Structures are given as C-alpha cells and as structure tokens.
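Peer 1: Sequence:
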Amino acid sequence: MANLGESGIAPRVTLRDVARVAAVHVSTVSLALRDSPLLRASTRLRVQGIARELGYTRDSNLDALVAYRDQLRRMRNPTVIGYITNWDAPIEQVPHHRGYLAGAVAKAREIGFRIEHFSLCRDGISPQRLNQILVARGIRAIILSSFYRRIQRLELDWSRFSAVRIESQPEWPSLPTVSVNHLQVIKEIVGRVYALGYRRPGFMLGEDWSSLVDHEWEMGFSWAQRVLPEQCRIPPFFFLNMPCGSRRRYRFREWFERYRPDVLLAPHWAVEERRADFDLKVPRDVAVADPFLEVRHPSYAGMVCNLAAVGANAVTTVAGLFLANQRGIPDIPVRCYVHSFWSEGASCPERLSLRRETGD
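My numbering puts the first residue of the sequence shown at 3, with every later residue one more than the last.
Note that these hints are calculated values from the structure, not bench results.
Keep in mind that the hints are not guaranteed to be accurate.
Unchecked claim - For each label pair, taking beta carbons as the anchor points, the in silico distance ranges come out as:
{"hint": "1", "residue 1": "Arg-48", "residue 2": "His-341", "range": "43 to 49 angstroms"}
{"hint": "2", "residue 1": "Arg-48", "residue 2": "Asp-159", "range": "21 to 27 angstroms"}
{"hint": "3", "residue 1": "Val-23", "residue 2": "Gln-95", "range": "55 to 61 angstroms"}
{"hint": "4", "residue 1": "Gly-57", "residue 2": "Leu-230", "range": "56 to 62 angstroms"}
Stated by the list, open to error - Pairs of lysine to aspartate or glutamate residues, derived as EDC-like cross-links and limited to a Cα-Cα distance of at most 16 angstroms, are as follows:
{"hint": "5", "residue 1": "Lys-283", "residue 2": "Asp-264"}
{"hint": "6", "residue 1": "Lys-189", "residue 2": "Glu-218"}
{"hint": "7", "residue 1": "Lys-189", "residue 2": "Glu-220"}
{"hint": "8", "residue 1": "Lys-283", "residue 2": "Glu-259"}
Predicted model, so just to flag it, every value in this text is computed and none were measured.
Each residue gets a CB set at the ideal place from its N, CA and C atoms; glycine is no exception.
Please put together the full structure from these sequences, using the hints given.
Peer 2: Next comes the structure, spelled out in structure tokens:
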C-alpha cells in the first residue's frame, strides 16, 4: 500500500518507480505498458504485473500529449494502412465498396495515416506473397474490405498485424468488424413503405448477396413482415446476375404476377432492367424503394447507406489497435454497426388510399 504524504494523498506511482522495482530502464517499462512486441512476452507480463501491484495508473494528460506528438510525427511521415480487397473490377467501379474506400482514405489522412490498396485478385498475388510484401514494407495495420465468399479463410501471419474487417467476409479470421446495419436497413424500409400505405412489399436482391452479410437482409425482412397480414408476406425474389434474356424475364415476371407486390424493395437498376420486359410502370403499377442507395437519388426513394462512415470507422478502429500494439486475432472480436437513413423519392409516393383514410 502506498504511503500517504503530508496532504493525505498517496503520491502518483510513476514509470520510474515501476522501473526501479522491476530493475529495468524506464523505456522498457513504457514499452511493456504499451504491450509492445519489441519486448519478450515474459518481460512485458512481468513489468505489467509489477505496475499493477504498485498501483500504477496512466496519466490521461500525459497520454494526450504523447498522442498529439505522435500524430504530428505521423502527419510528416504517415503510417501506411494496408487496404486489402479481392474484387475482379477496379475498386473505384464496384458499387458501395468505392464508398468504403473513399471514407477510409479521408479518415486516414485526417489522423496521420495513409491508405495503400492491395488487391488479391487484380494484382495476382497469393495470401503468402501478400504476407511477405506487408512484412517487408513494415505495414502492421490492415483492413480487409468485404471479400467475395470464395475466400472463406485468409491465411496471413496474424500475430504481426492489427487488423479490422469491413462487413463479414472472409469468414476467418473473426476480426473486429465495421459494417452497414443491414437489419436496420430492411426493418426501417419496410416500416417506411408501410407508413406510406403499402401492404405487400416484395424484396429483391442478388442470389449470392445475402450470404455475404450472414443473411441479415433475409432475417431483417422476415422480422419486419410480422406487422403484415400473413397473406401479404411475400417471399424474397433472388435475381440472377446474368445478361438480359428469356430466362431472366420469365423468373421475375412469374414471381411478380404470382405475388403482386405493391412496392418493390430492390436496387433501382435491377428494376429498370426488368420492368420493360412486360411494360411495368413505376410508380403507376408498382412503387420502388431501394434499400441499397449509395447517395440520394433524384427519382428513387430508399435507404442511403453511410458507406464513407463505414470506411472511416474501420480506419479509426484499426488505428486504435495499432497504437495500442494490439495484434493478432482477438478472443472476443467486437462489431460496429453504422446506420443508414431514409430518402424520399417520386418512385414511392404516399398511396391515395392512405390519403383518403387520413383525410389529407
């Protein structure tokens, strides 16, 4: 127990106090308390244990000063964060994912880091080669950005890296994750169209999309449908990623004519590609609300995803892990959800029947 001074307050335990008891240099104590990999694990644990026994606590004012000094240094020579994808197309052409990257680049620049993009697909490098490149370049912070399911595991030497994942792929390793709140998107869009008077929402999405987000879209839609009469609960339509043709026309038209949705919750471009197949007019024949908008649309209503905020939060998270020297696969990974917001549009007006009911 620390001795009380004349003021009756125990003097603050300093790094020098810990260093004296541990018989090490004060810089070693500093590295140990920051969990630095520059020290052997046994040394870190021993020094940390002595610090706890002595009652050492961090000085928040000093921490703020050190953080400010480190940020100034990074501004002059930014630390690189590896941004890893595996898309066939240039990332700037991939819907949604270009938004993640833009948000990550802006946030990294703001806090003294720099994003460097590595594509496992376009650059033709294996995970083993990527690991070698990252280590050789001294890159110790990485973001995995929403992979295709075809890479279920990404084998790197994770003990070397502070790492964060955008969305849920690859499935392994299970890393701290930042993603759009897909459940919120679907539950809110169903609630919005219901408030506008629509009672038969039909949900359309790509056949392989839901598996990339742990089926959260389907779960959200099923949950939101509980407010509807059972006869109004329409099963989702999973469209094929294929060129326009008779097979595609037949599948959508069959589903639409069988269930007769009064509003489509669907990517607006997917509706545009199919509605001309049988002269379907929006919003005369069916309203459309897009759950996957990147930005506000001049004509289409829907949910606007805060993609830049997802990318920015991924950078903030991985930077925090990097500065705290936290590397490897965590025992308890955390997940950060970013909400989307509703945007009105002519494609989904209030129904006339609702206006009559309310007297507007």
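Peer 1: Determine for every hint whether it applies to the structure shown.
Peer 2: Hint-by-hint comparison with the structure:
{"no.": "1", "hint": "Arg-48 / His-341: 43 to 49 angstroms", "verdict": "holds, 45 angstroms"}
{"no.": "2", "hint": "Arg-48 / Asp-159: 21 to 27 angstroms", "verdict": "holds, 26 angstroms"}
{"no.": "3", "hint": "Val-23 / Gln-95: 55 to 61 angstroms", "verdict": "holds, 59 angstroms"}
{"no.": "4", "hint": "Gly-57 / Leu-230: 56 to 62 angstroms", "verdict": "holds, 60 angstroms"}
{"no.": "5", "hint": "Lys-283 / Asp-264", "verdict": "holds, 12 angstroms"}
{"no.": "6", "hint": "Lys-189 / Glu-218", "verdict": "holds, 11 angstroms"}
{"no.": "7", "hint": "Lys-189 / Glu-220", "verdict": "holds, 10 angstroms"}
{"no.": "8", "hint": "Lys-283 / Glu-259", "verdict": "holds, 14 angstroms"}
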